[in-house]
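Peer 1: This is what each chain is made of:
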Amino acid sequence: MSDKMRRSVDPAAEEMMAKAGECDIGTAFDRHEKQGKRCGFGEQGLCCRICEMGPCRITAKNPVGICGAKASTVVARHLIRQVAAGAAAHSDHGHDIAHTLKITAKGEAEGYEIKSVERLHEVAGEWGIDTAGKSVEDIAVELSGKALDQFGQQEGEIHLPEVRAPKATVDNWRKHGLLPVGIEHDIVETLHRTHEGVDADYKNLLMHGFRTSMGDGWAGSMIATDLGDILFGEPQPVRSQANLGVMKEDHVNIVVHGHEPTLSEMVVAASRDEEILKLAAEKGAKGIIVGGICCTANEILMRQGAPVVGNFLHQELAIATGAVDLMLVDVQCIMPAVVEHAARFHTKVVTTSKKAKIRGAEHIQFDEAKALSIAKNIVKKAVENFPNRNVVSIPDHVTDLVAGFTVKNTFHHLGGKFRASFRPLNDGIITGRLRGVAAVIGCNTVKKTQDEGHLNMVKELLRNDVLVVMTGCGATACAKAGLMQPEAAKEYAGEGLQEICETVGLPPVLHLGSCVDNSRILVALCEMSREGGLGDKLSDLPIAGAAPEAMCEKAIVIGFYCVASGAFVNFSPKMRISGSEEVEKFLTEDIEEITGGKFCFEEDAVEGARRMIDHMDVKRAALKLKPMMYAQQYKPVS
Amino acid sequence: MSKIIASAAIRGAHEMVKRAEADLAKAIEAKGKDCKVEYPDTAYFLPIMLMLLGQKVQTLGDLEESMQEAKKLLGPVPADDLWFPYLGHTLDAGAATLIAEETIEVLKYVNNPSPYDGIWLGFTGDAILRLQGIKLVDGRMPGFAAIVGSTNTNEEAVELVRGLQERSILVFMAGNSNGKAIAEQLEEEKIEMNWDTFLVPYGKEITSAVHALNFAARSAMTFGGVEPGDMKAAREILEYNKERVFAFVLALGGDSSAPEDQVITDEKYATAAGAINFGFPVISDVGIPEILPTGICTYEHVVANVPIGEIINRSVEVRGLTIKIEKVPIPVSFGAGFEGERVRKEDMHVQFGGKYTDAFELVKMLPTEDIEDGKIEVVGPEVADMAEGEAYPLGVVIKVGGREFQEDFETVVERRVHEYISCANGIFHMGQRSIIWLRISKDAHAKGFQIKDFGEILVAKIHNDFSAIIDRVQVTLITDPEAVKAPLKEAKEKYSFRDDRIGGMRDEDVEEFYSCMLCQSYAPDHVCIVTPERLGLCGAYTWLDCKASHQIDEHGPNGPVLKGECIDPLKGQWKGVNDFVEMKTNGNLTKFNAYSLMEEPMTSCGCFECIAAIVPEANGVMIVDRDFPGMTPVGMKFSTLAGQVGGGLQTPGFTGVGKMYISSPKFIVGDGGIDRLVWMPSTLKEEVADRLKVQLAKQGKEDLFDKIATEQDADSPDALLEYLEKVGHPALTMEAMF
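From first to last, the protein sequence lines stand for chains A and B. Anchor point for the first sequence: position 15 equals 14 in numbering that gives the first Met the number 0, and the numbering is continuous, going up by one each time. Anchor point for the second sequence: position 619 equals 618 in numbering that gives the first Met the number 0, and the numbering is continuous, going up by one each time.
The set of hints was computed from the structure by calculation and includes no laboratory data. Being a predicted model, the structure only gives us computed values, none of them experimental. Treat the hints with caution; some may be incorrect.
Some chain A residues near chain B, calculated using beta-carbon distances under 8 Å [what the hints assert, rightly or not]:
| # | residue |
| --- | --- |
| 1 | Asp-399 |
| 2 | Val-401 |
| 3 | His-412 |
| 4 | Leu-413 |
| 5 | Gly-415 |
| 6 | Phe-417 |
| 7 | Arg-418 |
| 8 | Thr-430 |
| 9 | Ile-499 |
| 10 | Val-503 |
| 11 | Leu-505 |
Below, in silico cross-link-like pairs of lysine-lysine (PhoX-like), each with a Cα-Cα straight-line distance of 20 Å or less [claimed, not checked]:
| # | chain 1 | residue 1 | chain 2 | residue 2 |
| --- | --- | --- | --- | --- |
| 12 | B | Lys-2 | A | Lys-489 |
| 13 | A | Lys-407 | B | Lys-231 |
| 14 | B | Lys-17 | B | Lys-71 |
| 15 | B | Lys-706 | B | Lys-692 |
Built from N, CA and C at the ideal position, the CB exists for glycine as well.
Build out the structure end to end from the sequences listed, making use of the hints.
Peer 2: Here it is as structure tokens:
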């Protein structure tokens, strides 16, 4: 290809890609090029694969499928199936955490303990559990039971929206039937509705997509975050480092890749075990590094300060360093290609979930009841593999970062013990020092230059006085670029945002954790609303979200529940919907009438940031907030 | 930059806590853990610990627990690079500092009941808090300034506090700058400093600044009715201060002992962080870093480099104070800060009235056409013609008129004359009617103050405060001994006419009472119902005052309350009043009895003149006023009792009352009336004697007066009972109170 797109803006990635090229290792970037132009019908969402009479392709000449389904029906059906898949992924994660909490409380899990009793009491209170006189264990069993019930619930509505969201927003959700009955109930219903010959009304389908997504954001993911904080401890600000350079040549390097914290927490614990450290020393290693990729990285970063090896597109590059003694994977975003690459080095790949096996990898089934023993066993394998290394080449790129922000600790950061509050944040917005808050989240994708979308968008937001919160691989992108250092405010933030960061001591970009921790963002919005002065609905807030390098179905469901919650969301690359103008119009215009939120599909990250800014300005005007206090870089046309 | 402040404050807090621990260890070594520790005259233990920790500190051992809590609040000093958020830790460091300072300060009282001397006053007792509190409540005092440090010159110091006094801002002073305290500068300039002049020097050490904050903490517990005890209460108290107590810190001058890159010391920053927890911003004349974003305070948190000449205006802006500065065209400063100022004999130029000459004040209504607005006439010699040190007569005749004015309002205006004239710097005024006593100081004389300036003050102030009902004001000032005689006679006739008329006004005679919600800015759940026979519990507002106030501003704090159907004439309960009270207290109260303290009594804001309380053993009621510091027969001092009654709570058996109510025919008639009164402090008894004796005579109970015990007869229930039995007090044989 003559006009080859730059693959990554991360110098560590570029260095490793060059090395991979030399070793003739094909990465996702290469396979992307080999795939060439994607199937037009698939990309537009016009290939219907629902029934066995098809597949049908919708064209101008053939505007309906065999059953008579129009483009809008076909596009909507497939889209909400993706929503359901994303919701299933997050919720299964939440389910596992709830299950682990339960067996921990019953004393049936090895190595775990309830780390935050305070958070347990707070959350139990929100679930209406009478905690007086009860033991921590009893409360935890009761809470995890109630949480687990949410997954299979068959009547009523999920519990947390009413408890946490502003009343006007809850009323609106109820009015439009947007609160799901239960987490799995509505995922199942999605599969039913999209089965051959059921729901053909694109609006009805899309509305169910929004309903299903709510079961992720306000239930599955929220439970994962809340119960994770109870079980593994509430994150506190923590210093760490990111990028491939966190691995050390003279250390045993274990990369944990995937999403759930249950096993990785134990691996971190095992890596600090005296006996194993002794073994490592015997093998000639100075220590053991456990670093993460994807959201597992974010989970152990937030709570343990573990270093981040990289984001999604780093998984193959990490192996190419030759320095990974063992890569342990659980679920989601794991490229089967890692096994093939690992075979060319000494690296062992260990799969641990019955839900995610890869041929060629060693499988060690994870079991919470024997968690610590299993983790020790795996770490030992890594240590024993250390002497088998061949050529090692770790790029010398590593960046400091500060992470570990939660809604609860933000209260303390903004007001201390006695005046804990969101007031300074709201005041910042009301007085025009801050324009608003943006959540930039999501993945890497080979369809875009790695990290570039995140960085360009975030920088544009920062210079226009927008405070940015991040999770997932987007967060890692910005951490690698130094945006999560408090010092970055001076370099990147507009004058108003600088003043706020300086007053509080915050970095301009706050790391809120993994992608299930997007639920923290929803709770933060509720707290902003509750603090007052910014309207009575979530959709009144001058906020916006974006996934500038979206790659997976989880990103789609996150976009859906944010829009359902009243947010403006710029999603790029666009979902597979361009085959239906009706669907696109519903998602980008009509839905705003219903939820107050909407999608935007601006491809350019800087322009995307500006659309987010425009939206915040519209909300600011509606709230009659003061004009921005300082001169702004971007001046909207309107 | 905020990080510099954060680092300094957190370092300062660590140091202050260390120092408090050392002081405490020394005290415990000398006195043991069980040694009692307390501030004088307060029911709030150590107010900072009570507020923040819900802890009732009584012994040195308790203080050890306080210090443990303070240590938990000490976070890390921000790192040079990759720092963690520090605002929260800074505020916590401020809280820890206040706990440490409260400890250091109270330990001074362990060895010495009055550790402060000279100009320094130290801890403020509850009695003063309540007395001054009403001024913060009704807006006479817009707020307070806590000055830490000193100015470059003494002249600047005088100018600054004069400016604050002119705006009626209460001034607390603590700490010093390079060994000099502003209070010392004022002392050198012979400025009178005490609670009456709104200038309160706490101490020379920065730790004494905690007295300003424990004053603020108590104001929320007293007037806001916030019950301390837990984190929620601590937060409410701090937020109450942010929303309702308009205070700010003036950090004046640098410290040569400060670390190299700082202008002021770590301890000052740490104390300031404590003040910011209360929502009190810091304004400085030196180049400390600023914290401009808002949130913990209403507006900016720290504003620096403000020239001393502009610092008051900037502070008013930063704290969001509402200030009305009245410009009265006289040659001396004017403001509520001068109201309590005295002029001693050696400082006096001339005087009027008192026991020396005839003097009186009279406000009288005339048809407007008979009044020449703004005219001030002096009949007799002016000051220039008077001999220094002599006394002269003074008649003050104020003619007022206006379409809405009623004769009943004459007394309302007349009662304000004292306040108006007292507010002039260097002028002393006491009493009312024909028992006034005035002095013009040498200082005021030197500045050119004349007799006609009394007129200037009255014309300006009456127009300003009563513009809704008074269109014209004319003042005649008579200093001629002959010319004063006839108007004095006329005035005396007028006084006795009024007494007959107003003294004879009955609750039954009116259709409407008046509400007073002046204090709702401080005590949101409290509302006063003022009737002709029961004035406001602060003693400052009668039914006529409220009526006039309503006339002046119909959306103001006083509004008519239709009595409606009478539910219980004896206890004083009306349907209209009940409905009103329910609405205005947000449903907190549903019933209200005007003449009972046993059943649904009136609530109190906290600024009551007196408290009436049941003495169960005596089957009667005692009354104690806020000036009486001693023990009462119910085993509680005024300050302790006040803690139970304030904040809009209905507490059967206790109620706040104004002194005038004691001689009202309706005095707790629902509970048996005046026969229940068994005890009063002797000073109070003396003060109400004239009126009470008249009232008792009307009821044919002349002998009761002497049967009412005072602290000289009894200060415990047993002694009281013995006394009452001895004199045959009627309460003993009355129906049981409950």
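Peer 1: For every hint, state whether the structure bears it out.
Peer 2: Results for each hint:
1. Asp-399: 5 Å, holds
2. Val-401: 6 Å, holds
3. His-412: Result: holds, 4 Å to nearest chain B Cβ.
4. Leu-413: 6 Å, holds
5. Gly-415: 3 Å, holds
6. Phe-417: 5 Å, holds
7. Arg-418: Result: holds, 6 Å to nearest chain B Cβ.
8. Thr-430: It holds, given that the least Cβ distance between Thr-430 (chain A) and chain B is near 6 Å, below 8 Å.
9. Ile-499: 5 Å, holds
10. Val-503: Val-503 (chain A) check passes; min Cβ-Cβ to chain B is 4 Å, inside 8 Å.
11. Leu-505: With Cβ-Cβ at 5 Å, under 8 Å, it holds.
12. B:Lys-2 with A:Lys-489: 13 Å, holds
13. A:Lys-407 with B:Lys-231: 16 Å, holds
14. B:Lys-17 with B:Lys-71: 13 Å, holds
15. B:Lys-706 with B:Lys-692: 12 Å, holds
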